[in-house]
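If you read the sequences in order, they're chains S and A. When we follow numbering that gives the first Met the number 0, the leftmost residue of the first sequence carries the number 0, and every step to the right adds one. When we follow numbering that gives the first Met the number 0, the leftmost residue of the second sequence carries the number 0, and every step to the right adds one.
Take the hints with a grain of salt, since some may be wrong.
No copy is singled out in the list; a pair is fine if it fits within one copy or between any two copies.
Stated by the list, open to error - Pairs of lysine-lysine residues, derived as DSS-like cross-links and limited to a Cα-Cα distance of at most 27 Å, are as follows:
| # | residue 1 | residue 2 |
| --- | --- | --- |
| 1 | LYS177 | LYS202 |
| 2 | LYS168 | LYS258 |
| 3 | LYS516 | LYS52 |
| 4 | LYS177 | LYS423 |
| 5 | LYS171 | LYS423 |
| 6 | LYS447 | LYS542 |
| 7 | LYS176 | LYS423 |
| 8 | LYS111 | LYS660 |
| 9 | LYS249 | LYS660 |
| 10 | LYS84 | LYS446 |
| 11 | LYS524 | LYS542 |
| 12 | LYS524 | LYS453 |
| 13 | LYS176 | LYS202 |
| 14 | LYS171 | LYS75 |
| 15 | LYS217 | LYS84 |
| 16 | LYS447 | LYS111 |
| 17 | LYS453 | LYS219 |
| 18 | LYS649 | LYS59 |
| 19 | LYS219 | LYS542 |
These are calculated hints, taken from the structure and not from any lab test.
There are 2 protein chains.
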Amino acid sequence: MFNEDGTYNSETYEYCAGYQYRDSTIIGFSHTNLSGTGHSDLGDFLVMPTTGKLVLDPLKTIEDNKGFYSTFSHDKESASPGYYKVKLDSYDVTAELTSSERVGFHQYTFPKSNEAHIILDMVYNVYHHDNKNVWTFIRVENDSLVTGYRQTKGWARTKKVFFAMKFSKPFKTYGHKKYNKETYDGFYRRFNQSENFPEIAGKDIRMYFNFDTDENEKIKIKFALSSVSTSGALKNLEAEIPHWDFDKTKNETKDKWNKELAKIEVKTLTENDKKTFYSALYHTMLSPVLYEDVDGQYRGLDQNIHTSEGFTNYTVFSLWDTYRALHPLFNIIQPERNNDMIKSMLAHHDESVHNMLPIWSHYANENWCMIGYHATSVIADAMAKNIGNFDYKRALQASENTANVRYFDGLGDYIDYNYVPDDKSHSSVSKTLELAYNDWCIAQIAKKVGNAEKEQEFLNRSEYYNNVYDEKSGYMRPKLADGTFRKNFDPLDTHGQGFIEGNAWNYGLYVPHQLDKMIQMMGGKERFIQHLDSLFTMELDDKFIEKHEDITRDGIMGNYVQGNEPGHHIPYLYNWTGKPCKTQERVRLIMDTMYGSTVDGLCGNDDAGQMSAWYVFSSLGFYPVTPGLSEYALGSPLVEEAIIHLENGKTLTITAKNQSKENVYVQRVLLNGKIIEGSTLQHQDIMNGGEIVFEMTNKPKM
Amino acid sequence: MFNEDGTYNSETYEYCAGYQYRDSTIIGFSHTNLSGTGHSDLGDFLVMPTTGKLVLDPLKTIEDNKGFYSTFSHDKESASPGYYKVKLDSYDVTAELTSSERVGFHQYTFPKSNEAHIILDMVYNVYHHDNKNVWTFIRVENDSLVTGYRQTKGWARTKKVFFAMKFSKPFKTYGHKKYNKETYDGFYRRFNQSENFPEIAGKDIRMYFNFDTDENEKIKIKFALSSVSTSGALKNLEAEIPHWDFDKTKNETKDKWNKELAKIEVKTLTENDKKTFYSALYHTMLSPVLYEDVDGQYRGLDQNIHTSEGFTNYTVFSLWDTYRALHPLFNIIQPERNNDMIKSMLAHHDESVHNMLPIWSHYANENWCMIGYHATSVIADAMAKNIGNFDYKRALQASENTANVRYFDGLGDYIDYNYVPDDKSHSSVSKTLELAYNDWCIAQIAKKVGNAEKEQEFLNRSEYYNNVYDEKSGYMRPKLADGTFRKNFDPLDTHGQGFIEGNAWNYGLYVPHQLDKMIQMMGGKERFIQHLDSLFTMELDDKFIEKHEDITRDGIMGNYVQGNEPGHHIPYLYNWTGKPCKTQERVRLIMDTMYGSTVDGLCGNDDAGQMSAWYVFSSLGFYPVTPGLSEYALGSPLVEEAIIHLENGKTLTITAKNQSKENVYVQRVLLNGKIIEGSTLQHQDIMNGGEIVFEMTNKPKM
């Protein structure tokens, strides 16, 4: 993803989650992290155990000595859902980490030492390109409990995270160092604040806690988070992990993960495929994240404290990515959670001074990343599939409000011109296409509510994609405010051509709500097949390919990009041309070549689970090309068998008969023994349970 | 008052309250201010009406043009309790201000203009020596409501004030400017944030709101505060001033003030004396200040939100000043409020990570200003006088906890050495004397609770003042850790001689709890009379007198200092020498020469009401020399008559028979017709109501 000003900062992604497999050093374990999002942030409260002479700088000291980082090797490292273990070689300390919903649980096994330390680094931030710290407040409540908060101004502009940190063993001494150069410290100067002084505040602070340890002595830390207050964090700590049994929490967490992951049981041709599938499924559950205390209190977008009445509040909605397949996947395997997420989005709207649904909801902030208002898609999709019990009228009103905030990112112009003029707004075509789709979603919501007037109003707006189609070139093309298409236009270039993170060749196919019309407009099915074939097979000049973490070279097939989102529906579009076999071929090829079970298993960042959700759907043999419709495009399953345990108690079994690496084509699909005509699967057929059989073959049927 | 490092910063006081009478310009009206405290802070949310071309800089623009300040003159200015009015000549705007408890009410009468502005300056701080701003967050909720908060790091280290600002008329446009140079603004950069964008955050921000106004059109603003949240501020706004009737609020506020001020009705010899008296009485009610929302929620010292159960929460406890006479005065005229204040102090203790009662409680912060733990005096005094219904045992525990925080300002050494060694801690004698008095207060608390063991423990500590008395020199004198008195010692010097804001001559007389013993120790009554006489009459070399706002030259009489607190009890000490007539003479002289009804009516800053409380007591003819004892030293009343309306429904009438400027001596004092023997008045005799008659004469009796 690009910066707003069009530049690309290569640091943005690399340490998005705070970890790169190629690293040989660890500087600690922080408590808030994103998984493969389009920008980097968080990393609150870095904890690091060390031994020997106390060092408070992570990389190197001012005397140029080694910082508090440790070397490590992957052969003394293991990771599984809810559990991580690594040997910190520099200190002969074994670190183990697990967690409950709101509490991180650390277990450090020390050598014998009278200089054992736990460092709490509150200077550290993920993506530290700018000093994000605004304020830090810490209280040492007693000899084994520390509370506090940090406010930062990163991607989330006004972000506060509160904590309570409880040690299993009293520290013998403690202290801190301030790294900011503020001169004024008022009458606090009368104290020696740096050692054993229990109340600390400032901008950039690192704390240390000193211990004597016996050989193999374990020091454990429970580290609770809250968006509300330190008393909220303490409540969370006491409620979730009232004991010191690390293995108990580790096992409970493992059980929770297994319960969720076992919702889809798959048989695959290879062990690798199984690993890839469950890695993907795991990735789909890393965000959105829970954002409320055990008592339901949470910090709202207005920075006031709210209580979630009748729902569980979530944040981290990377909606430009996740509306495509992640939320639709939730509608199958976690509909209750998706219902909570939609209610969280409605609460976000109510707390928004703009009266807007979230674009990218981020720790009680709107970070405005990417384009469109795709919360409307998530809502429309849930309504189409009868998911949840949220208030439909309220959802329509929130969607309508969102769609009329004129100062939002070209929206006023879109309303006035019926397209986004390229001379008024960057990424004008992408915006026009996505807003048109979003408006179709609002029309679907209005229809469900029974508001025919609003339905028609937004159906009209949903046709605006027509206004950026240039019949002459055959592409979606940037149009100026004067109604003419922009002259300087390269449909292959991904920069400054009216598209964001894509070009006219691929992003230009983004009319998910009127695919037949789009294909017709673009010259009919035959021409469209040619376009798709060329897209997948053309030799793309390297100059059009940027090397960055968002999309790897392996994530590009011809001019088709799997490593980023705008084209995720494209492999399925052959279904609309009468050539579903080409969809079947492409999706199997993508799954085979662009996903894997090793550390480079994804061909781009995961974008908060969307990359993985694509894989989970495609593995099962279908994909939600048009969220907001209660149907799926059929593809070609990768699994031999999948059993989906639905929350309604029913079970759907998907079987791929004659499954093999070569048999990528589907001869017939039978739903409970009855042949499915066409290439569409209904959501209700999934939710009713039963059996879907794909008859696989190595010969394309059509 | 001095900075902690001993230096003195002349800017500290001048604009403590944000106003100097000699000024000819106004830059606006802010919503939090202190009244004559020993350091400066606050000044949140400066509001200023202007007309003409918008100017957002207060003093001058970068083009060197005039800033948004206005000239004004005192003849177009008036002020009375709860109401202020001034003509802002630069803009032809009349500003009127009133308030309820938590809501400021502005009324600006504009000329006809299509360029009328209201500026909300959130850069401004009182005592802006260091940029105090940490973070500012603002939401324009609609065309006439703005909410937000500011966090600052001044005297209060982690201070947050939230607001809700409601306009009587919708603004036509609005905008802001950021004055900090932060580069990162995330994806907010896609908006034109500077104009009509409703969500703003950053460090240093000034906002403006534009209006068209007719001739004499009034624009009103209700500006509500909260320590909790913007929703708290909104609640306060709606609860306290639900209407737009400025005069109604003004009159209600006037009535509230009159109700409080009428608790003491005085007849005086001159109109000036009456003005001075009521100005003083008014000053005693400016702080401590209410610190909770209408629903009882407030921000605690731990930065968590608490609810005041069974009390009203207060802040701004400048206790080194106010325990002397201000809280004792409350025990007579506002005992319920003092009860709330003590409960606030106990809550402060419970929220303190140090387990300490407040030293100087300041907007959910402890600012640690000055020495001793005088909350114990306020508690002991209330208990001695049977004020309030707070928990005595809890009060003892809190006092005891406070008295054992070893890292607090020499306290560990005081406990170990039985005095504060001068080579270990600055102001060692002052600290020893005050801690000894405070420990006597704790002994009184323990006695009331019936804890004989604690009573004895703290009675023992209360004798520690003996350990810094140097028999040879006859002065309290700095003693070193090795037990010897410091060699380099000048009893007149106020700097580095073991005293803070005083010298051995005056501050050395600070043993309020054992005055007879002290006088005995210092050579007996005759010698002590000589000492006092010299103190009041000696020619003090100018080198010992610093010119600053804390004490004016007029606030010094010989070597006696009325302009600061440590000697406030001294004029009354003649009573302990058998020469009460000298007390009578001195206090009348001080009242006559050091207090007045003009703008320079105080001979030093008011120290949160203590300077004025001394005057109120002394005017009535008695003074609480030893808070913690339920008795007062008799002086010489200034009034001809005073009627005190007590909260218990009773009335006390004080009459000065034959009162005149010359008749400063008291012949006899009769309580309900019965002569009072000695120079002491019992608190119970006041609370019982009735009549006290002072028979005045121009001849000293003894």
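For each hint, the structure was consulted:
In this assembly of identical chains, the alpha carbons of LYS177 and LYS202 lie at most 27 Å apart whether taken from the same copy (8 Å) or from different copies (20 Å). For a Cα distance limit of 27 Å, the shortest separation of LYS168 from LYS258 qualifies neither inside one copy, at 33 Å, nor across copies, at 58 Å. In this assembly of identical chains, LYS516 and LYS52 lie within 27 Å of each other by CA distance neither inside one copy nor across copies; the values are 71 Å within and 55 Å between. In the homo-oligomer, the alpha carbons of LYS177 and LYS423 lie at most 27 Å apart only across protomers (25 Å), although the nearest pairing inside one protomer, at 46 Å, exceeds that limit.
Taking the closest pair of Cα atoms, LYS171 and LYS423 come within 27 Å of each other only across two copies (25 Å); inside a single copy the shortest separation is 63 Å, beyond that limit. Taking the closest pair of Cα atoms, LYS447 and LYS542 never come within 27 Å of each other, the shortest separation being 47 Å inside a single copy and 87 Å across copies. Taking the closest pair of Cα atoms, LYS176 and LYS423 come within 27 Å of each other only across two copies (24 Å); inside a single copy the shortest separation is 49 Å, beyond that limit. For the homomeric pair LYS111 and LYS660, neither the shortest alpha-carbon distance inside one copy (55 Å) nor that between copies (82 Å) is at most 27 Å.
For the homomeric pair LYS249 and LYS660, neither the shortest alpha-carbon distance inside one copy (37 Å) nor that between copies (85 Å) is at most 27 Å. Taking the shortest Cα distances, LYS84 and LYS446 never come within 27 Å of each other, neither inside one copy (52 Å) nor across copies (59 Å). Neither within a single protomer nor between protomers do LYS524 and LYS542 lie at most 27 Å apart by alpha-carbon distance, with minima of 31 Å and 100 Å respectively. In the homo-oligomer, the alpha carbons of LYS524 and LYS453 never lie at most 27 Å apart, since the shortest distance is 32 Å inside one protomer and 95 Å across protomers.
In this assembly of identical chains, the alpha carbons of LYS176 and LYS202 lie at most 27 Å apart whether taken from the same copy (11 Å) or from different copies (24 Å). Within a single copy, LYS171 and LYS75 get their C-alpha atoms no closer than 30 Å, and across copies no closer than 65 Å, so neither meets the 27 Å cut-off. For the identical chains of this complex, LYS217 and LYS84 are intra-copy neighbours only, at 14 Å inside a copy versus 68 Å across copies, given an alpha-carbon limit of 27 Å. For the homomeric pair LYS447 and LYS111, neither the shortest alpha-carbon distance inside one copy (67 Å) nor that between copies (53 Å) is at most 27 Å.
With identical chains, the CA atoms of LYS453 and LYS219 are never at most 27 Å apart, being 57 Å at best within one copy and 39 Å at best between copies. Proximity of LYS649 to LYS59 under the C-alpha cut-off of 27 Å is found in neither arrangement, the shortest distances being 58 Å within a copy and 74 Å between copies. When the C-alpha separation of LYS219 and LYS542 is checked against a cutoff of 27 Å, the pair qualifies neither within a copy, at 52 Å, nor between copies, at 61 Å.
The structure is inconsistent with the numbered hints 2, 3, 6, 8, 9, 10, 11, 12, 14, 16, 17, 18 and 19, although it conforms to all the rest.
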